[in-house]
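Participant: Based on the hints, put chain B in the right spot on chain A.
Which chain is which? The protein sequence lines are A and B, in order. Going by my numbering, the residue at position 101 of the first sequence is 101; the numbering climbs one at a time, nothing skipped. Going by my numbering, the residue at position 87 of the second sequence is 87; the numbering climbs one at a time, nothing skipped.
Each hint can be trusted.
Beta-carbon label-pair distances, calculated as ranges: (1) ALA95(A) to ALA98(B): 45 to 53 angstroms; (2) LEU76(A) to VAL91(B): 16 to 24 angstroms; (3) LYS166(B) to SER11(A): 32 to 40 angstroms; (4) PRO97(B) to GLY165(A): 55 to 63 angstroms; (5) SER11(A) to THR160(B): 37 to 45 angstroms; (6) LEU73(A) to ALA189(B): 42 to 50 angstroms; (7) PRO174(A) to LEU4(B): 36 to 44 angstroms; (8) PRO8(A) to ARG93(B): 38 to 46 angstroms; (9) GLN96(B) to TRP173(A): 53 to 61 angstroms; (10) VAL168(A) to ALA189(B): 27 to 35 angstroms; (11) VAL166(A) to ARG33(B): 39 to 47 angstroms; (12) SER11(A) to ILE58(B): 43 to 51 angstroms; (13) GLY170(B) to VAL166(A): 32 to 40 angstroms; (14) LEU87(B) to LEU65(A): 21 to 29 angstroms.
Calculated directly from the structure, the hints in this document are not laboratory data. Keep in mind the model is a prediction, meaning the values are calculated, not measured. Yeah, the Cβ is synthetic: ideal placement off N, Cα and C, and Gly gets one too.
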Amino acid sequence: MSDAASTPTASQRLARGVLPENPVFRQLLGMCPVLAVTNSLAGALTMGLATTFVLVCSNVVVSLLRKQLQPHLRILVYTLTIASFVTIADRFLAAFLPDMSLLLGPYIPLIIVNCLIISRAEACASKQTLAPAIADAVGQGSGFVLGLLSLGFVRELLGSGSLFGVRVLPEAWPEWLIMVLPPGAFLTLGMLIAVVNWWDGRREQ
Amino acid sequence: MTDLILIAISAAIVNNVVLTYFLGVCPFLGVSRRLDMAFGMGTAVTFVVTIAGTLTFITHCYVLLPLDLAFLQYIVFIFVIAGTVQLVEMVVRKFQPALYEAFGVFLPMITTNCAILGTCLFVWLKGYDTLLKAVVFSFFNGVGFTLAIVIMAGLREDLTFADVPKPLRGAPITLFVAAILAMAFMGFAGIGTAQ
Numbered sequence: 001m002s003d004a005a006s007t008p009t010a011s012q013r014l015a016r017g018v019l020p021e022n023p024v025f026r027q028l029l030g031m032c033p034v035l036a037v038t039n040s041l042a043g044a045l046t047m048g049l050a051t052t053f054v055l056v057c058s059n060v061v062v063s064l065l066r067k068q069l070q071p072h073l074r075i076l077v078y079t080l081t082i083a084s085f086v087t088i089a090d091r092f093l094a095a096f097l098p099d100m101s102l103l104l105g106p107y108i109p110l111i112i113v114n115c116l117i118i119s120r121a122e123a124c125a126s127k128q129t130l131a132p133a134i135a136d137a138v139g140q141g142s143g144f145v146l147g148l149l150s151l152g153f154v155r156e157l158l159g160s161g162s163l164f165g166v167r168v169l170p171e172a173w174p175e176w177l178i179m180v181l182p183p184g185a186f187l188t189l190g191m192l193i194a195v196v197n198w199w200d201g202r203r204e205q
Numbered sequence: 001m002t003d004l005i006l007i008a009i010s011a012a013i014v015n016n017v018v019l020t021y022f023l024g025v026c027p028f029l030g031v032s033r034r035l036d037m038a039f040g041m042g043t044a045v046t047f048v049v050t051i052a053g054t055l056t057f058i059t060h061c062y063v064l065l066p067l068d069l070a071f072l073q074y075i076v077f078i079f080v081i082a083g084t085v086q087l088v089e090m091v092v093r094k095f096q097p098a099l100y101e102a103f104g105v106f107l108p109m110i111t112t113n114c115a116i117l118g119t120c121l122f123v124w125l126k127g128y129d130t131l132l133k134a135v136v137f138s139f140f141n142g143v144g145f146t147l148a149i150v151i152m153a154g155l156r157e158d159l160t161f162a163d164v165p166k167p168l169r170g171a172p173i174t175l176f177v178a179a180i181l182a183m184a185f186m187g188f189a190g191i192g193t194a195q
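Okay, chain A solo, but in the shape it has when bound (with noise of 0.2 angstroms):
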């Protein structure tokens, strides 16, 4: 949140979430699913749509509930509205796409304790209408989901020479295993975050 002086319109929530407020990139927000899921670009896709949904969600709930909250019950209030709008996108997930629901598989319910949607409640749904909760909410998701497809589309490219599972490199390709497994998640996500603030002290000068 910025200084409450220059309180930013809906359209300009929405639009920071995006990018100067990136949830990947700049605020660091819910690693673990950003590391987890993105060794393939169909997986960060889900997973960034399935996260954007209960932010979404558990925005417009918090926003509405924000005059009854109890100031000690509040994280349990946050946590239980995520932990509902979860069951429902995990149930979802199950019945319609059971392979993607298999291929996440404990990712999915720890989209309950990913920070970045317990920070946007705690930080914006809590204290704002309805209107800008909603703009806040699609923004901060759209910046989520581009983070989670930049890691996804440099690991599955390196990695397995394709992107959404079709062959785009040549067959001679040597398949950078490491890129698919755990370091390579630590490895590509510091690379990015390296080259946004390498841009970033580039137009400063």
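Facilitator: Below, chain B without anything else, positioned relative to chain A:
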């Protein structure tokens, strides 16, 4: 007995909760700047995860499954974890003030630590069928978390003296160190997997 030892080794080292499942990466990257804080955080997580793992196993086996309410699993689990954290905080503050000094400040952050919920889910996903196995698995997952976060803190204390290129300062270099650490832990792959 053998399978308990295998579960312990596999949970703490081979399938390290931070470095192979990425659970609890936020405190791993955030808190692990100082050795003593990292150890305090690790102790708090180990303590809570053992209790939460035991309680969620009991709740799942003896309440949710008989009542056919397995779809409520996530909501109930997170409720049990939040309750455990509150309870542990109160009990420790009242009876063990010294212990509270050591890791009390970390307790409120733990409800949203993925390592706790992740462990409780893995107990059920990996199909551990007895309470003893669930307790051992939970405890050694906590030990694995402590191990990773303490090693990381030690490396980062040394890193403060290194001359890191400007764009790499902060998160990127930490992630690179984590990548190398994860590669080192991959060397254990294959040990204790034959369960």
